[in-house]
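K.L.:
Please put together the full structure from these sequences, using the hints given.
In order, the protein sequences belong to chains A and B. Counting in the working numbering, the first sequence runs from 1 upward without gaps. Counting in the working numbering, the second sequence runs from 1 upward without gaps.
Just so you know, the hints here were simulated from the structure itself, not pulled from any lab data. This structure is a prediction, so every number in the text was calculated from the model and none was measured. Check the hints yourself; a few may be wrong.
The calculated lysine to any residue pairs, modelled on SDA-like cross-linking and capped at a C-alpha distance of 20 Å, are [what the hints assert, rightly or not]: (1) B:Lys-16 to B:Thr-168; (2) A:Lys-143 to B:Pro-247; (3) A:Lys-224 to B:Lys-283.
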Amino acid sequence: MKILVCISNVPDTTTKISFSSDNKELNTAGVQFVINPYDEYALTRALELKESLGGTVTVLNVGLADTEANIRKALAIGADDAIRVNLKPTDSFLVAQQIAEVAKNEAYDLILMGKESVDYNGAQVHGMVAELLGWPAIVPAIKLDVAGNTATLEREIEGGKEIVKVNLPIVVSCQQPMSEPRIPNMRGIMTARTKPLKVVEPVSGEAKTQTEAYALPEKKSGVKLIDPANAGELITLLRNEAKII
Amino acid sequence: MSVLVFVECADGKVKKSALEAAFYGHQVATQLGTSAVAVAIGEVAADELKNLGQYGITKVLHDTETRLKDYVSQAYVKVVAAAVEKENATVIVLSNTNIGSGIGARLAARLQASFATNVVALPELAGNSLKVKKSVFSGKAFADEVLTAPTKIIAVKKNAIEVNTVGTHEAEVESFTASLTDADFTGAPRETIRATGDVLLTEADVVVSGGRGMRGPENWHLIEDLAKALGAATACSKPVADVGWRPHHEHVGQTGITISPNLYIAVGISGAIQHLAGVNSSKVIVVINKDPEAPFFKAADYGIVGDIFEVVPKLIEAAKALEK
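P.N.:
Shown next, in the form of structure tokens:
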């Protein structure tokens, strides 16, 4: 079993978002970057599959050198080796092209990643990679098992779930409760230092989108408090004032 | 230049999110001086499709091939791509659902198109480009994104735009068949299990959600009864799903489901930044918590500081008394 897990480097989920004075960049001062939480589900499930079926887990990140701390963390958790495509990930299509290029040259059975990144929330890269490789994409999956050349998955649909059986290779995007993310232990941290991290230059491609500016949502005007003794008044306000029910 | 809308259907009906996509597509078509055509896949009542005319759709291409009964990304993308080609569409509008964004991603790679998800407003024309406003950082911010490729795909976030009817005419429904092979159906579902509950969380206009303040799963009937009285879906915070009081598919927040209902009622949820990120695009937020310092009150429109076990029964009673 040869598995590729794609990880993104995102602001920690507790981050209060702010932007540069021209609103063109995320203000990264004091922001801690982590492995995208959804990608952690993908990574842990990949490691579990490797442990039960044998094989290798390679971690791939499209990013500049500042993402290497989190790539090393993935290695410390148990990935065998890593590839960093040396490119600032500004556009989903550009990222998908890089991943597909890496995958084209290696016979991966599975490409796993999170259902979306918690920064740009594109939820696009998995579908694009699958299309570029001509593979099925099962997104978003909440369960993944592999036996021989066949994967059995549970895929979340609006209003329920589907059970899918499909031959490898496939692209899968992951979300809870796919697996329980792991914390690296000391031994993992020590061995991660010696595991191979290959840096490759990007293939040429063209971004299809450009982010021009960011903005924060408008602040709420303030909460209207209702006396708990007359709680039912809330329902009246929601109907007559907010006109929402 | 024409606009094609992918209309998502389920259980023989056009989904509400698809009506939003249809109306959005119509508005974009009007901006561009063209018309909006829709493509629908699978079994759906003809009247449902004709009714799309009220939302500005002139024609619906309907592919009813039996193998398309269930969603399979490769096959659906081929159908939509064939419709794009037939209509010479340069803008494609979809709903920002699992299926909509799944099709959009594959289609973007196939057509070398620009693709924006989580779009919350009508685009601005900028030469040959379109500029869209999209929700980013899990609802903590917005981005203005310019779609530069000749073909542009937009996935519209639920409840982000107000839908109006634009007339009474019926859309013309035209039978449509894309050329599909068995290989396009690799990964077709073996079994579909529908979630229990009357209202789907992702489709709901009103959501009632419980947190650790509920003290235990045995008290969840309060959330369910209030939801029932309001015709709402139920949800929960991450800690509640983590301890197993409620299933993970009810977990709303930054790493769970991001929702944008018209009304979100949070009961016994303090409002951690990750929870807020998943719900703060709700139009109206109500917070009920005994702790007046709960951070959620800062994001709320209405609040009640009080014991949820006293407050919620009063709300249920008042909601039941409403004339529907």
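K.L.:
Each hint should be assessed against the structure and marked as holding or not.
P.N.:
Evaluation of the provided hints:
Taking the CA atoms of Lys-16 (chain B) and Thr-168 (chain B), the gap is about 18 Å. The hint holds against a cut of 20 Å. Of the supplied pair hints, the one linking Lys-143 (chain A) and Pro-247 (chain B) holds, its CA atoms being roughly 14 Å apart against a limit of 20 Å. Under the criterion of a C-alpha separation no larger than 20 Å, the hint pairing Lys-224 (chain A) with Lys-283 (chain B) is consistent with the structure, at around 15 Å.
Violated hints are absent here; each numbered hint is respected by the structure.
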